[in-house]
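Assemble chain W onto chain F, guided by the hints.
Line order of the protein sequences matches chains F and W.
So that you can map any letter, position 476 of the first sequence is 476 in my numbering, and since no number is skipped, the others follow by simple counting.
Every number in my numbering is 1000 more than the matching position in the second sequence, counting from 1.
Treat each hint with caution, since some may be false.
Stated by the list, open to error - With a Cα cut of at most 20 Å, we get these calculated EDC-like pairs of lysine to aspartate or glutamate:
hint	chain 1	residue 1	chain 2	residue 2
1	F	LYS398	F	GLU386
2	W	LYS1168	F	ASP263
3	W	LYS1316	W	ASP1377
4	F	LYS168	W	GLU1428
5	W	LYS1316	W	ASP1405
6	F	LYS316	F	ASP384
7	W	LYS1168	F	GLU251
8	F	LYS168	W	ASP1263
9	F	LYS398	F	ASP388
10	W	LYS1398	W	ASP1377
11	W	LYS1398	W	GLU1415
12	F	LYS316	F	ASP368
To be verified - A few chain F residues facing chain W, derived, Cβ under 7 Å:
hint	residue
13	PHE71
14	PHE213
15	GLN237
16	LYS244
17	SER275
18	VAL332
Hint data in this document are derived by calculation from the structure and do not stem from the laboratory.
Note that the structure is a prediction, hence the values are computed from the model and not measured.
C-beta: ideal position from N, C-alpha, C; glycine also.
Protein chains: 2
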Amino acid sequence: MPAIRTNPERTDSRTLMNDHPSLTLATFAAQLDFDNIPHAVVERTVNLYVDWLGSALAGKGARPVETIARFARGAAGATQHGPCEVLIDRSRTTPYFAAMINGAASHFAEQDDVHNGSVFHPATVVFPVALALAQAAHASGRDFIAAAVAGYEVGIRIGEFLGRSHYKVFHTTGTVGTIAAAATAGRLLGLSPTQMLDAFGSAGTQASGLWEFLRDAADSKQLHTAMAAANGLMAAQLAADGFKGATHILEGAKGMAAGMSSDADPARLVDRLGSRWATGETSFKYHAACRHTHPAADALLAVVQKHRLAPRDIAKVVAHVHQGAIDVLGAVVTPRTVHQAKFNMGTVLGLVAHHGYAGVTEFEQGFDADSIAAFRDNVTMAFDAEVDAAYPARWIGKVTVTTIDGRVLNGRVDEPKGDPGNTLSRDEIATKLHRLAAFAGAATEGEAARLLGNAWHIAEQTQVGSVFEATSHATALA
Amino acid sequence: MPAIRTNPERTDSRTLMNDHPSLTLATFAAQLDFDNIPHAVVERTVNLYVDWLGSALAGKGARPVETIARFARGAAGATQHGPCEVLIDRSRTTPYFAAMINGAASHFAEQDDVHNGSVFHPATVVFPVALALAQAAHASGRDFIAAAVAGYEVGIRIGEFLGRSHYKVFHTTGTVGTIAAAATAGRLLGLSPTQMLDAFGSAGTQASGLWEFLRDAADSKQLHTAMAAANGLMAAQLAADGFKGATHILEGAKGMAAGMSSDADPARLVDRLGSRWATGETSFKYHAACRHTHPAADALLAVVQKHRLAPRDIAKVVAHVHQGAIDVLGAVVTPRTVHQAKFNMGTVLGLVAHHGYAGVTEFEQGFDADSIAAFRDNVTMAFDAEVDAAYPARWIGKVTVTTIDGRVLNGRVDEPKGDPGNTLSRDEIATKLHRLAAFAGAATEGEAARLLGNAWHIAEQTQVGSVFEATSHATALA
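Chain F with its partners taken away, still in its complex shape (with noise of 0.2 Å):
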C-alpha cells in the first residue's frame, strides 16, 4: 500500500542498483567532454543557441510569457537580483526564475529548432538552463557547449524511446524536457553518474505536459516549457545536494514509460551514445509556419526563383503532401488570424510567393491582404504517395504550378529549409535573429549586434558572461 509508507533507508537500493539503460544514459550525461564532442557538433551547438536567443527574445511581450514573468517575480519575493539574465527585461534573477521565464519565452514565436525523429523542441528547455547555470557558476563556454549537447542528446533519445504513443496525448517537449533540462543542469554542476541518475529520477518523477490545452488554444504550452526547464534544473540542483531519485525513472515498472506510453523502447535510450550525434540532426525553423507547410513554400520558392515568376504570373499551386499535413491544415479555409493563416498553405504559398518568406512580420502585416487571399484561393493540397511514405524521416516538398500562360511547372525539394541537411547558415540565423528581436521589440539592431557578436564565440569564452554586454568574464579567445 505505497500511499502510506515511508522512506526507509537507502542502503540496499544502491546495491540492488546494476547497469540499465537509464544509468548508461545518465553516465554518458554526467562524464560528456567537450573534447570528444565533434567539432561540427560544437559548431552545430553555437548555431542551435544563438537561433534560441532569437526566439528568447520574441517571447517579449507576449500575454502567457509576460503573467509567467510576473508570478516569478512574486514568487521570489524581494527585490530581484541574481546573477542571470532573463533576455525578455534584461532583469536578473536566480538560476531557477531565469530558466523559468527564459523557458516560457522561447517557445512562443514557435521559431525555435525541433528534432523531427522524437518531434521534440530542445532549444527551449536546453538553453535556458546552460545560460542561467553558467552565468551563475562562471562556467567557460566548453562547459556551457558540452552540458547542452547533453541535454540534446539526453532529451532526443528519451523522446524517441517514449514513441509515438506518449506524444498523442502528452507534450513531448514539457515531459522529456524536464530531463533533458536536467542532464544540463547536472552537467554544468558536476553531477556524479549515480547524482545525475538521481536528477533524472527527480526530473521524470516531475514530467507533466497535456496537449488538451491546443483544444481550446490555451495558454500552457509556454507552462509547459517554463517548468521544463525549472523542475529539470531544481532536480539537478536536489541531486547534487544528496537527494535521491529512482533508479528507473524511464524504464521501470512504474516509471514514465509505464504510465505514459505503450510503445515504448528501452533500446533507443543508449542509441549509439557518443558516435551518434542526435544534436545534429535538430531542425531550424526557417518559416514562422506550421512545419506541414514548409516543403511546399520551400518547393514552390524554388520554381519561382528558377523560373522568375511573380505572383501575378501564376494561375493555380497543387501543393503535394502526406496525409498529415491535410488533417491538420485542411480545417482552416479562410484564415481570420494569424494563428490560423500560419496554419493555412495557401497564405503561406502565397507569402512566400510575393516575399520570398513567411515570416513573424510577413504574417502579422499582411496574412489577410488582398493579393494574399486571391492567391491564397488559387492553392490546393493533394495527397501524395511518395512524399506520405517518406514522412516523417523525410519531408519531401513537391508543388505544381500552372502559370497564367499554360505553363506546368514543377518544383521538387527534399529537405525543407533549415533541416539537417539544408540548414540556416550562420547569416541566416542572424538574420532570423534580427527580425525576430525587432518584431518583438526585444533589442535594437545594435543590441542585437552585439549580442550576436557575443553569442558566435561562446564556446571560446573563457567565463560565460553577460549575453547583451560583453563582460570582464567574456573574453574572446579566438
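Below, chain W alone, put in the same frame as chain F:
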C-alpha cells in the same frame, strides 16, 4: 502537428465551452461558501487542520525535507522574508515557497490523513496552500476553512474519477494533489468559475508523480507533495492574472484521464456535490505504521484492554486480514529498520501490546527490543474472507489471541481508529501533535500548547495570522 502550433486567439474556445464535469467542479470550488458547509464538516476540517500541523512539524530535520527547504531558499535568492510561515523552522517566505516546504514536510512522518476511497492524502497538499495564502492575504478563518474544504472535495472526487488504474503507476497525492491545491488556492484568491477552470487546466497539465521511486526508496514522495502544493498555487495565481488553462483537463480527449488512467469515470467528478461531504470521510492516521496493520492493532488492543492482559500473558496472536495486507506485509519477517518495522505485523502488535500505541517514538525507541522481538515471533497473519470482502470500503480488524493459560480470546473492530466512524477526539489529536512536535524537536510542549490554542479557533479568526503566536490579526471571537 501540435508540437509546432502557435497560440491562437482565445475567442472561439470560450464560445464553444459548455457545461461539463470539469466546469461543474470548478464552479463548485469557486463558489463554495462557509455558510453552506455543515457545521460537523467545519468541525472535522478544523480537526484535519490541527492534525496536519502535527505532521508538518514532524518533518523538521528529515533529510529530504531539509534539502527541499535549502533548494527553496536558494531559488528565492534574496534574504528570505515574506508573509508566510515555514513550520519546520518558523522562517517566513512567499506563498509559493511556504507551500513548497510545508508540503514537503507534512508527508514525511506518514501520520497525515488519508481518504480511503480515493487513496489520496488531502491535508499535505491542501493545508500548505491554504495557510500560506490566508497568511499572505489576511484571509478570514471562514475563508480558510471554505478553501480547504474546496480542496478536499475536488481532490477526493478527482482521485475517485481517475480510478485504480491511475494509482497503480501514479502517486495520486502528487497528481491529483496539484488540482486540489489549485482549488484551495483559487478559492482563497476569489477566482471566478471560469478562472478556477483555468487554474484546473494549468494544474492538471502539471500533474505528476510516479511510484517508481518506491522500488529503491528514493526521496520523491516529499518532492511530489512539495510540488503539488507549489504548482497548484502557481496555477491559481496565474489564472487570477489571466493565464488560460485547458477547459477539459480532466476528462478531455488529451487530458489527464486520457493519458494517465484506463478506468476513469467522469460521473465521480460531480458525485453529489454539495450534499456528499467527502471531507468528512477522511481518515486520521493513529498508529505510525502501515495502514494495513491498524485494524488488527486496534482489535488486539480491544482484547488486551477487555481482559486486562499483560504482554507476558499472551502465547500467540493470529491476525485475520485481507489479501492486500498479506501482499504488502508478508515480505518483512525480521525488520532491520524503523521503516521495515512499520510494515511488520508482529512488531506493530508487540508495540501495541506493550505500550497500547505504536507511534513514531515507540518505533524509534523500541522496534527491535528483545520483548518486542519475542512477541513478534508469536504473531501470524491468516487470510479472512469477511475482512477481504469488505476491503477497501471497510477495514475490519479481527484477531484471535491465545493466552499462556490456554484461553482463546477473539477481538474485533469494524473500523480502525481514525476512520470516519471511529475518528480521533480533539484530545487524541492534540496528544498526537504533542508527540510529533516533541519527536521532531519542532516545538516545546508550551509552544505546542499555544499553537493548539490558536489552531482550534482557526474558523473564528477574523484574519488568519501566525501559527505559533497569537497575532493582533488573529482575534478569537469564540
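Evaluation of the provided hints:
1. Straight-line distance between C-alpha atoms of F/LYS398 and F/GLU386 comes to about 10 Å, which keeps the hinted pair within the 20 Å bound.
2. Of the pairs offered as hints, the one joining W/LYS1168 and F/ASP263 holds, with about 19 Å between alpha carbons and a cut-off of 20 Å not exceeded.
3. The straight-line distance between the Cα atoms of W/LYS1316 and W/ASP1377 is roughly 9 Å, inside the 20 Å bound, and the hint therefore holds.
4. Between the alpha carbons of F/LYS168 and W/GLU1428 the distance comes to roughly 50 Å, so the proposed pair goes past 20 Å and is violated.
5. Note on W/LYS1316 and W/ASP1405: the hinted pairing holds, with a Cα-Cα distance of about 11 Å set against a maximum of 20 Å.
6. Our distance criterion of 20 Å between C-alpha atoms is met by F/LYS316 and F/ASP384, whose separation comes to about 18 Å.
7. At most 20 Å may separate the alpha-carbon atoms for a hinted pair to count; W/LYS1168 and F/GLU251 meet this at roughly 15 Å.
8. Taken as a hint, the F/LYS168 and W/ASP1263 pair is honoured in the structure, with Cα atoms around 19 Å apart against an allowance of 20 Å.
9. Restraint check for F/LYS398 and F/ASP388: the C-alpha separation of about 11 Å stays at or below 20 Å, so the hint holds.
10. A C-alpha spacing of about 19 Å is found between W/LYS1398 and W/ASP1377, which places the hinted pair at or below 20 Å, so the restraint holds.
11. Note on W/LYS1398 and W/GLU1415: the hinted pairing holds, with a Cα-Cα distance of about 11 Å set against a maximum of 20 Å.
12. At roughly 18 Å between alpha-carbon atoms, F/LYS316 and F/ASP368 fall within 20 Å of each other, so this suggested pair holds.
13. Proximity of F/PHE71 to chain W holds as hinted, the smallest CB-CB distance being about 6 Å (cut-off 7 Å).
14. Restraint check, F/PHE213 versus chain W: the minimum CB separation of about 4 Å is within 7 Å; hint holds.
15. The closest approach between the C-beta of F/GLN237 and any C-beta of chain W is roughly 6 Å, which is under the 7 Å cut-off, so the hint is satisfied.
16. Interface restraint check for F/LYS244: the shortest CB-CB distance to chain W comes to about 4 Å, inside 7 Å, so the restraint holds.
17. With its C-beta approaching chain W no nearer than about 27 Å, F/SER275 sits outside the 7 Å limit, and its interface hint is violated.
18. For F/VAL332, the interface hint is violated, since its Cβ never comes within 7 Å of a Cβ in chain W; the closest pair sits about 10 Å apart.
Of the hints listed earlier, those the structure fails to meet are numbers 4, 17, 18, in rising order.
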